[in-house]
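Fit chains B and C to the known structure of chain A by using the hints.
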Amino acid sequence: MSYIGIIITFVFINNFILTQFLGLCPFIGVSKNVESAVGMGFAVTFVMALASIASWVIYHYVLIPLDIVFLQTISFILVIAALVQFVELVIQKISPALYKALGIFLPLITTNCAVLGIALINVRNDYNALESFIAGIAAGLGFLLAILLMSTIRVKLDSEWIPKPFRGIPIAFITGGLMALAFMAFDNALLNNLLG
Amino acid sequence: MLKEFTKGFIKENPVFIIVLGLCPALGVSTKVVNSIGMGAGVIFVLLGSNIFVSLLKNFIPEKVRIPAYIVIIASFVTIVEMVMEAFIPALYDSLGVFVPLIVVNCVILGRAEAFANKNTVKASILDALGMGLGFTLALIIIALVREVFGLGTITLFPIGNFNGVIEIPGLIDSPVRVFALAAGALLVMGFLKALFTWIEDIRRVKQ
Amino acid sequence: MKEVMKIGGKLAAICAIAAIALGIVNAITEPIIIAARAEKVRLALIELSVGLEIGELNEVNNEGAILGYYPLSSLENIKAYIVNIIGSGYAGDMNLLTAISLEGEVLSVVLMKHTETPGLGKEAENASYMEKFIGKGNGSIIPSSKSHLDPKEADSIAGASITFIGIGKALNEAADFVGQLGGM
Chain A
2 MSYIGIIITF VFINNFILTQ FLGLCPFIGV SKNVESAVGM GFAVTFVMAL ASIASWVIYH
62 YVLIPLDIVF LQTISFILVI AALVQFVELV IQKISPALYK ALGIFLPLIT TNCAVLGIAL
122 INVRNDYNAL ESFIAGIAAG LGFLLAILLM STIRVKLDSE WIPKPFRGIP IAFITGGLMA
182 LAFMAFDNAL LNNLLG
Chain B
59 MLKEFTKGFI KENPVFIIVL GLCPALGVST KVVNSIGMGA GVIFVLLGSN IFVSLLKNFI
119 PEKVRIPAYI VIIASFVTIV EMVMEAFIPA LYDSLGVFVP LIVVNCVILG RAEAFANKNT
179 VKASILDALG MGLGFTLALI IIALVREVFG LGTITLFPIG NFNGVIEIPG LIDSPVRVFA
239 LAAGALLVMG FLKALFTWIE DIRRVKQ
Chain C
11 MKEVMKIGGK LAAICAIAAI ALGIVNAITE PIIIAARAEK VRLALIELSV GLEIGELNEV
71 NNEGAILGYY PLSSLENIKA YIVNIIGSGY AGDMNLLTAI SLEGEVLSVV LMKHTETPGL
131 GKEAENASYM EKFIGKGNGS IIPSSKSHLD PKEADSIAGA SITFIGIGKA LNEAADFVGQ
191 LGGM
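Protein chains in written order, with this note's numbering: chain A, 2 to 197; chain B, 59 to 265; chain C, 11 to 194.
If you're looking for bench data, these hints aren't it; they were derived computationally from the structure.
Where hints are given, some of them may not hold.
Unchecked claim - If you want a taste of the chain B side facing chain C, the calculated C-beta under 7 Å gives, among others:
1. Pro119
2. Lys121
3. Ala126
4. Val129
5. Ser133
6. Thr136
7. Ile137
8. Met140
9. Glu143
10. Ile146
11. Pro147
Stated by the list, open to error - Restricting the straight-line Cα-Cα distance to at most 35 Å, the calculated cross-link-like pairs of lysine-lysine (DSBU-like) are:
12. Lys65(B) <-> Lys33(A)
13. Lys94(A) <-> Lys115(B)
14. Lys157(A) <-> Lys101(A)
15. Lys101(A) <-> Lys176(B)
16. Lys101(A) <-> Lys33(A)
What the hints assert, rightly or not - Derived Cβ-Cβ restraints for the label pairs, each shown as a range:
17. Glu141(C) <-> Leu99(A): 51 to 59 Å
18. Val58(A) <-> Ile144(C): 38 to 46 Å
19. Asn72(C) <-> Pro97(A): 15 to 23 Å
On a predicted model such as this, the values are computed, not experimentally measured, just so you know.
Glycine included, every Cβ here is placed at the ideal spot set by N, Cα and C.
Looking at chain A on its own, in the form it has when it is part of the complex:
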């Protein structure tokens, strides 16, 4: 699988939110304004890239040699939780400005399905270290793209009249559904035509 193929696949064709339903909670919860959506998007991308590498190392250098692959889920989630804590500490020390922007989103990321999802999907797809890393970044960017688009649409929706039962979360889902319809245009045929 070529690297460009992986990127296009994870950003567009297999967009985590719009086709795989991974990371839906923040997609609905943190997309009310553009600024926090972008903050969440970058925080997730960052953690996903690191988590992809960390889980690859754990899987190939700890779980397989010790023959304890059955502890995969438990070790991945602990690594992700530790990683999020660590990233939070480092960012706080190095860049208070960045911490102010991303800080409040970091604790939410531990229980974001997308992060554990990419770690598990990398293993299932037998990706090597570099492929895992690229898949992590690409899936994160796909998340960023979807949540950014969503937040800009929701800002516009705020000034529209919506039937009462549909206000808030229901209209967000329906908007997401329409976005997913549009993303169906990105299918394998596209990848086929681009990469031959």
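Quick look at chains B and C alone, frame taken from chain A:
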């Protein structure tokens, strides 16, 4: 006491009212049988985690309670994963990555944090069963809408001569495919959530 | 410091108990899972063998798509081979077993494991999808591009063309490989 059990069905339904655990709710709800399987897995994990969190509430230090809960939840999820792969491999294959992802189902961590660590074991068991069944019920409703319209079938477990698939006349030949796809899941979820909000509003006005 | 040790110790105790419990469950379920997988391969081999006698697995370690092969024989004469191949889908690999005659004709194909997205690539699990490959080779082309199909057939694989091409390429490689093996 009974209230702890029934609140999860409608009043505090984890999917439609509190809006948690969405990834599996939409990801596996293409067929009714997948919803039932996923629901059973979640009930088991929720029961196990609620019991242990409640039992260990005085043992687990406040500062590291979240990692401790995650370890407990992940253990039960791994047990579900292994048992499902060994005994119902077909279901395991169709649920795919969503089985290990039960770990990050916010409903489970949410119940540990909001209920089990403050209540008795007995109340926690009732809470787990109620919330788990409420979650399963929500998944089945979503799957019913998606499968009936999207595939024109209702897939249940095969029993005896019955192969487990009910075909809906009229829809089986020309299903509305979009319901089975990702976009359909989000649209169905949006309309169902609106329906529940509407029902809730009417109830509040009556009171 | 003592407080930290105590907290860490408690957390470690929980982890240790969890790991032991999982180890026990794993010890019970693992043999069942392995047996079920072996059974799946055995059933697939029987389906592919069309009544011929299945020989021992020979593993192949090259960089290509071929993982191994089983000779199929009748009265000690090798008639065909079942080849275990890896085809690349658009987001991961697919494992297939295919029976190929000595003349290079694809007799049948079974998809064993795939990582394609549910919905689109899953079409490959349908028998009708695989039928587009069966009977090809030995003179005709094993399709590995949409242009090898007539337009009506090409439409039916619209959503899964990368999967289709991946399988086609792997099958071509398998057919060449069988050609080199010959009857031995």
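**Report entry** List of violated hint numbers, smallest to largest
**Finding:** Those not satisfied are hints 10, 19.
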